[in-house]
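Asker: Chain by chain, the residues:
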Amino acid sequence: MVVTSQGSHTTPVAPPSGAAGTGATTASSSPKTRETRGPLKVRKNTGGRRPGRVTATRSAAARRRDLPVALLLILPAVVGFAIFYAYPTLRGIYLGFTEFHVLTPPRWVGLANFREMAGDGVFWHSLLVTLWFVALSVVFGTLISLVTAVVLHRVTDSSLLRGVMLLPFLISNVIAALVWQWMLDPHLGVVNIVLDHLIGHPVLFLGSGPWAIPSLAAISVWKWMGYYSLLIFAGLQTIPSTIYEAGRVDGASEFQMFRRLTVPLLRPILVMVVVLTVINAFQVFDIVAVTTRGGPANASNVLQMYIYDKAFRQFDFGYAATMSLALFALLITVTFTQLRLARADESDLN
Amino acid sequence: MRMRAVVALGATLTLAAVLSACSSGSDTAGGSQTVNWWTWDDKQAAAYKTCAADFEKANPGTTVKISQYNVDDYFTKLTAGFVAGSAPDAFQNSVQFFQAYAGQNQLLPMDDFIAKDKFDLSRFSVGVNAWKFTDGKQYALPLDWAAAGLYYDQDALTKAGYSKADVESVTWNPDDGGEFGKMIAHLTVDEKGRRGDEPGFDKGHVKTFGFGQIAAKDFIGQTSWSPFASSTGWRLGDKESWPTVFNYGDPRLVKTLKWARSLTEKGYAPKLGEFTSSVSDVDLLSSHRVAMEIGGSWSASTFAKIPGVKTGIAAPPYGPDGKTRAVMSNSNGNNIWAGTKHPELTWKWVSYMGSEACQSKASRTGTFFPSIPASMDAATKALAADGVDLSVFTSMLKDKVLYPSPVYGNGAAVQDALNPLFEGYFAGQKDDSVFADMEKQSKTLLAKN
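So the protein lines, in turn, are chains X and Z. Residue numbers are given in the UniProt record's numbering: position 204 of the first sequence equals residue 204, and the series is strictly consecutive. Residue numbers are given in the UniProt record's numbering: position 383 of the second sequence equals residue 383, and the series is strictly consecutive.
Because the hints were derived from the structure by calculation, they are not lab data. Among the hints, erroneous ones may be present.
Anything over 12 Å on all C-beta distances counts as not near chain Z; from chain X, calculated [as the list claims (entries may be wrong)]: (1) Val102; (2) Phe169; (3) Arg248; (4) Ser253.
Part of the chain Z face toward chain X, derived, beta carbon under 8 Å [what the hints assert, rightly or not]: (5) Thr76; (6) Gly81; (7) Phe82; (8) Val83; (9) Ala84; (10) Gly200; (11) Gly204; (12) Lys217; (13) Leu272; (14) Phe275; (15) Thr276; (16) Glu423; (17) Ala427; (18) Gln429.
On a predicted model such as this, the values are computed, not experimentally measured, just so you know. Ideal Cβ positions, reconstructed from N, Cα and C, are used throughout, including at glycine.
In isolation and in its complexed conformation, chain X is listed as follows (with noise of 0.2 Å):
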């Protein structure tokens, strides 16, 4: 920014004193430099001096002429945005507040389902268990994506290794929960098969209130960790080798540079990684709605499935509506609060 001002400060001034043998070529290039950069220059010889005034005036025109060019090309662009983002989004909090079951108009109701909602005890149960959910995936993610691309940048530069950790993150959520249903199944999984020959009886992972969780957030954790290692992956290749050197020059063991180096250096990237974790996370639907669908028991109906069933199932949209903009504003809150707290657009490598 300084400097390009400068630079242009200068360009009136240069053609007088140009140097003699690219006499030409400047002459020619100098009235193009000041049509491009004109917006630098209106703002900076608005004080009366004549070259600039006249650059002014030019520049406005070409931007007048420009108007309708550049309105009609970011056209698509927002007609696309009105009719798929922001409409939908005013409609969904405007059903919000509205009785609708989609076959009869939507009827204005104010805030009787918010007080629905505060009254409704399964609204809250799905609450926690979402953040149950949230909680398991968001640690054990980061913590095994963060090992795994320790392990991949320090030991070994094989691409195909890199590659292979990725697979799980190309099969579609709902096939990976459908592999994870059969092989955790109480009597025909593998799973189960090898644990019946080590504790003597299967475990019903999906199939009982307390391993419901867990097993949908590992499902999870083992389908994304290869995306979020290659991510933090790509952050480890931006800490300069020297400062590995210099630690190891200081003696550090290779636990102590991973803690006391790479930790704090990848903070920002981390951050990203646990931000999209919880995103993630919160919105989790397609691996619960093909292998517990809420269940047992309610134990693994996690918020999305919640307004998934009120919405389809139950034709409820309303209250449906609802419940998405009080999981709306919780991840937005959580959001923000995360990105505050962790600083995560500083950096500290400079």
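Fit chain Z to the supplied structure of chain X, relying on the hints for placement.
Answerer: Structure of chain Z alone, referenced to chain X:
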């Protein structure tokens, strides 16, 4: 250049117009009309195709298009169709969604058609009243009827020393299970070959359960505990149509459910969640994991045709008084969509489906039981030739063992609120206080029509 672009655009538009004309169907062109009919049952879709062919022959220029969608998506797709204006002209419906659709004016009352055609509703022996709405109008013709029966592995029974006659006359009571409870214990075998009533029985390693999945999350219990509770005189609703409360607090039901839970605790029946939902009742019997179970009448021919297992069918046991049997039956209905473009023609098709001619033909496949007695006889005869004995169900119908399931409102919400409570009870997480809670919730939700 510009000329060429205009020509290209014109050509594209013409093509698009032609394509959309094709896809919107030929129902408006040249006097030919299409009636769309939906079902969630792939077997019924195939069965009714024979009726559709006859109907098209009798009504030249008419096409009947039968579509089938999986039951998990069926009602969502139907609702989306109501909103988008693309719902089928007529469709199979379950009583669970009757109130939701009729209450929002999506169903066409049939009274005018019935009066005009002098269509005799008394031809149906079951299911007519289930499709009468709170306004007193008839919104559907019953498509079928279904009940529950007792299916058993004949070899397992013989090995345990019981005869066919023993199962057919067995009695049950909710206190200790009576003769039937003893039979279940004796039919249970652990991995070392010890029976459930023998010393040293290992309930942690059961090879064959004496009874199937009685601990189910289903709040009606049609194919689990309902036939037992019903034999004590208990009924689900306080009245048959539009009940205000479900009688979950009734001591007769409480005792029945306690007995059901005790079976899973003793290892005589699988615990809730022991088999995933992808394992069906037919799978359990055919893999010898279960010796006996309550199952739906709609599975009768599938049970009878399990390779390598000789399956017997009996009526559920007699109740505590030794002579009462009571089994709930339900009927799906054939609705007409209020938004149909051809109400007359659709009624013609729906009333043809409700005729003896069509029912006898379609039900020969044994995939459903027709509501018309003469057709039921024809179906029974046809299936007997295939080795499927349906006499148990027909005699339950004749002996008035069957009683209709209640028609109630707010079905999906009731189901979503009550199923978790049943799951909680059978998983042992909830104690007896759950029954009062169930009754209270049913009262609140049934009132929310």
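Asker: For every hint, state whether the structure bears it out.
Answerer: Hints, one by one, checked against the model:
no.	hint	result
1	Val102	violated, 6 Å
2	Phe169	holds, 26 Å
3	Arg248	holds, 53 Å
4	Ser253	holds, 47 Å
5	Thr76	holds, 5 Å
6	Gly81	violated, 11 Å
7	Phe82	holds, 6 Å
8	Val83	holds, 6 Å
9	Ala84	violated, 11 Å
10	Gly200	violated, 17 Å
11	Gly204	holds, 6 Å
12	Lys217	holds, 7 Å
13	Leu272	holds, 7 Å
14	Phe275	holds, 7 Å
15	Thr276	holds, 5 Å
16	Glu423	holds, 4 Å
17	Ala427	holds, 6 Å
18	Gln429	holds, 6 Å
The structure does not agree with the numbered hints 1, 6, 9 and 10 stated previously, though it agrees with the rest.
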